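For the protein sequence lines, the chains are A and B, in the order given. For the first sequence, position 252 (counting from the first letter as 1) is numbered 252 according to our numbering, and the numbering increases by one without interruption. For the second sequence, position 259 (counting from the first letter as 1) is numbered 1259 according to our numbering, and the numbering increases by one without interruption.
Watch out, some of these pointers could steer you wrong.
Below, simulated DSS-like cross-link-like pairs (lysine-lysine); rule was C-alpha separation at most 27 Å, straight line [said to hold, decoys possible]:
1. LYS1165(B) with LYS1110(B)
2. LYS68(A) with LYS1361(B)
3. LYS54(A) with LYS1361(B)
4. LYS1232(B) with LYS1273(B)
5. LYS1110(B) with LYS1223(B)
6. LYS1235(B) with LYS1518(B)
7. LYS68(A) with LYS1228(B)
8. LYS68(A) with LYS1273(B)
9. LYS1320(B) with LYS1361(B)
10. LYS1294(B) with LYS1406(B)
11. LYS1206(B) with LYS1228(B)
12. LYS1228(B) with LYS1040(B)
13. LYS1320(B) with LYS68(A)
14. LYS1184(B) with LYS1214(B)
15. LYS1457(B) with LYS1160(B)
Going by beta-carbon spacing under 10 Å, a handful of chain A positions derived as facing chain B [said to hold, decoys possible]:
16. GLY65
17. SER66
18. GLU69
19. GLY73
20. TRP79
21. GLY157
22. ARG158
23. ASN162
24. PRO245
25. PRO246
26. ALA256
27. ALA259
28. ALA264
29. ASN283
30. ASP287
Treat the hints as calculated values from the structure; they're not laboratory data. Model, not experiment: these values are computed from the prediction. We treat Cβ as the ideally placed atom computed from N, Cα and C, and that holds for glycine.
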Amino acid sequence: MTEEVKNESNEEIVPVEQGVSPWRDMWDRLKQNKAAMFGLAIVGLLVFFALFGKYLTPYDPLYGGSLKESLQGPSRAHWLGTDEQGRDMLSRIIAGAAISLRVGLSAVGIALSCGMLIGAVAGYYGGKIDMILMRLMDIMLAFPSLLLAIAFMSVLGRGIENAIIAISIVTIPQYARIVRGSVLSVKENEYVQAARAIGNPDWRIILYHVIPNILPPIIVRATLGISIAILDTSALGFLGLGVQPPTAEWGTMLGAGRAYFFNANHLVLFPGLAITFTVMAFNLLGDGLRDALDPRIRKG
Amino acid sequence: MKNMKKTWIALLLLVAMILSAGCGAQPAADGDEPAQAEPKIFVYARGSDSISLDSAFVSDGESSKVLNQIADTLVRYKDGSTEIMPWLAESWDISEDGTEYLFHLREGVKFHDGSDLTAEDVVWNFDRQLADNRTSDMPYASFTFADVVSVEAVDPLTVKIILTKPSTPFIANLAMSLSVQIYKPGDDVAENPIGTGSYKFDSWKKDESITLLKNEDFWGDEKPSFDKLIFKVTKENAVRATELMSGQVDMIDGISFNDVEQLESSGEVEVEKVAGMNINYMAFNTTRAPFDNKEARVAIAKAINTQEIVDFLYQGYATKAESFFPDFMPGYNGDPGLTEYDVEAAKAEVAALGLDQTPIKIICYSNPRPYNPAGGKLAETVQAYLNEVGVTAEVVVYPWTDYRDKVNQYEGDIYFMGWIGDNGDPDNFLTLLEGASIGGLNDTGWSSPEFDALMNKGRELPNGEERWETYRQAQEVLAQEVPWVPISHALDLGAWRTNVTGYELHPTGRVNLFGVDK
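Chain A with its partners taken away, still in its complex shape (with noise of 0.2 Å):
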């Protein structure tokens, strides 16, 4: 009796234990990382602005100007000073964290959902299907991923959504290998099996058993991506291959500032620390992410 009842307590306290989830102990973990709470800091202060940038610039970013006023350096009433056609700097880098998240969640999202299927059905079915779609990724991967999205845009034309497309596109050959190397290394799994023995379709396998198995590196690789798609997008824009004026991108900012690097060098610095601060946070992010769900540096 005695013994029993010891067990129902241990039982009881077992659970509690389990019941600690992964994701938070990530998160307990990620916390304690200090560079990656800067960059989540940095990336908090971006989500802010892009949410509600509209309501704190201080002057109109796309037509707030006057030519009178160009060229001015940082002072009281422009923080960061005026562009070439006299719009306030600072309103233009807030009203740019917009665009680049923008343009950043959907091209890796996009990215992300077309690697995931093509990776998943490459890795879990095999054979010739694997073939085909793994060397179709590695003739996109033998090009670099800009020189492929310039093409693309060049068929294109300039436009946010066309920059998107390009990024995501020439983007999804990385994340199907990681998928891939990852659906196979569970694949043969027991409860895998087991799902496909009880007669799981699979979809379904794939959908409930394979992929949130994979998740960790999917989520790390996606952060890292993020940076990388904001910094491919401002390269677009430097190589006037961006969006269409007057948007307020950074890329395109820097390109166009970089007439005036003797005479208004503040067109320059700028949109390139916002540029610097953001993919910088980030790749902070990411390898925390990384550290934290790696279960090799799980601490005891």
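With chain A held as given, fit chain B onto it using these hints.
Just chain B, lined up with the frame of chain A:
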């Protein structure tokens, strides 16, 4: 052991020193007579390479810069203006009806290979560009020789040219860098030109440099100054400016106005700014609504503050356009009645015409052009002006190579363009709006019988007050009808080392290094 090694090395060094000293002393020993002067070299750096050295096959300014030094034209523009002066042709007679020209060639002019220049050589250079012989890759031929019937040699020093009808711009066209330069007849003019110019062709490293040598037997009284003239390609503006400041090159072009201050403050460089013979304009697509309506064009024109664009977007490196070509050209009308900037009137008219409900598409080129150093930023400025009066406009910018086609296909409601004059004749600018140019140079789709009649009249009148008055009237028609909003005339910038003498920028953009010294 160690010491032994050291001694050997010391000995070896000693021997080497003695030997080298001996060798070095050799030239000094018999160098009592004055040493031969170092060759005098002049380096001109520019943004891109020539396309060809044959004037018949090019339409770009870069090519003309080099071939102008190698070959000569029958007549030439005077320094600083587009007045015509004799050059290879010492004089010319024009028949009563204006259709027959007799050119008398200068005596004793020799080609770089030593042969004499004859009327037959001149005829060869003309003949290949006439209607029966010209090929599609001769871009200027149909413009310069539209009215030419025949060219023949009357005697070894006289050339007769017959035109279908009198054409006053014809003689001015002959002075253009890209019309007829006189080369020694041959099959490989493009690669190995033999001309009569002050410098002769030596070698060409594609996309790197073109080297010319002094023509010791040049026909003029004055001789060229440099033993070697090098046209070097340096693509980046900032790098070219640095090369000039550090003295690696003597002269550059393609200067960004953002770099001028730095160039001037170096103290080693002289920057010259002159009024350029160009026009930077905004044009309406009049083939469809809303700008098929003159009132809509006027309303928009009132919203554009061209003075502000000149002062701030171009930072003063341009002058406000008061008419359709620059003020130093003959026939200029300083007050043709252009629409004045008036933002309140623009707002009212926009609302009355319903333009605030009409989406407008503006198209522009992305890169800077000689007449618009701000490139696509100009379209953004205009977009902001339109926004101010309640018009929502979308701006689409294209790379220059795609842009021409988009304009030809009437893609935008408003587009930007510019023109660099070739010969200083009003006809050369105003022809851009002739009905006959629709589909070619006139992309507005606008035409007016009144304007076309004035243009035809002007072409047949001899130079003089009556002809200029005709063009003044033509400008008034344009100002009334507003197919364009003239914006600005860009300044031409050139920079050279302070020790360079005898150079000035020419309004046509022609580069002539004969007479330049350092």
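**Hinted pair LYS1206(B) and LYS1228(B), Cα distance within 27 Å** = Between LYS1206(B) and LYS1228(B) the Cα gap is close to 18 Å, so the pair holds against 27 Å.
**Asked** Measuring from the C-beta of ASN162(A) to each C-beta in chain B, is the shortest one below 10 Å?
**Response** violated, 12 Å
**Message:** GLY65(A) was flagged as interface toward chain B. Is the shortest Cβ-Cβ separation under 10 Å?
**Reply:** holds, 7 Å
**Asked** Does the structure keep LYS1184(B) and LYS1214(B) at a Cα separation of 27 Å or less?
**Response** Holds: LYS1184(B) and LYS1214(B) sit about 18 Å apart, inside 27 Å.
**Request:** Assess, step by step, whether the Cα of LYS1232(B) is no farther than 27 Å from the Cα of LYS1273(B), and give holds or violated.
**Result:** holds, 22 Å
**Restraint satisfaction for GLY157(A) [CB to CB of chain B, less than 10 Å]** = holds, 8 Å
**Distance restraint between LYS1235(B) and LYS1518(B), which requires alpha-carbon spacing of 27 Å or less** = Holds - the C-alpha atoms of LYS1518(B) and LYS1235(B) are around 25 Å apart, at most 27 Å.
**Asked** Taking 27 Å as the top limit, are the C-alpha atoms of LYS1320(B) and LYS68(A) close enough?
**Response** Judged against 27 Å, a Cα distance of about 16 Å means the pair holds.
**Request:** So, GLY73(A) near chain B? Judge it on the closest CB pair being under 10 Å.
**Result:** violated, 15 Å
**Asked** Regarding the hint that ARG158(A) lies at the interface with chain B, is the smallest CB-CB distance below 10 Å?
**Response** It holds, given that the least Cβ distance between ARG158(A) and chain B is near 7 Å, below 10 Å.
**Prompt:** Are LYS1165(B) and LYS1110(B) close enough, with their CA atoms no more than 27 Å apart?
**Reply:** Given pair LYS1165(B), LYS1110(B) is violated - Cα atoms ~34 Å apart, limit 27 Å.
**Message:** With the threshold set at 27 Å, check whether the alpha-carbon distance from LYS1457(B) to LYS1160(B) stays at or below it.
**Reply:** holds, 25 Å
Hint violations for this structure: numbers 1, 7, 19, 20, 23, 29 and 30, all remaining hints satisfied.
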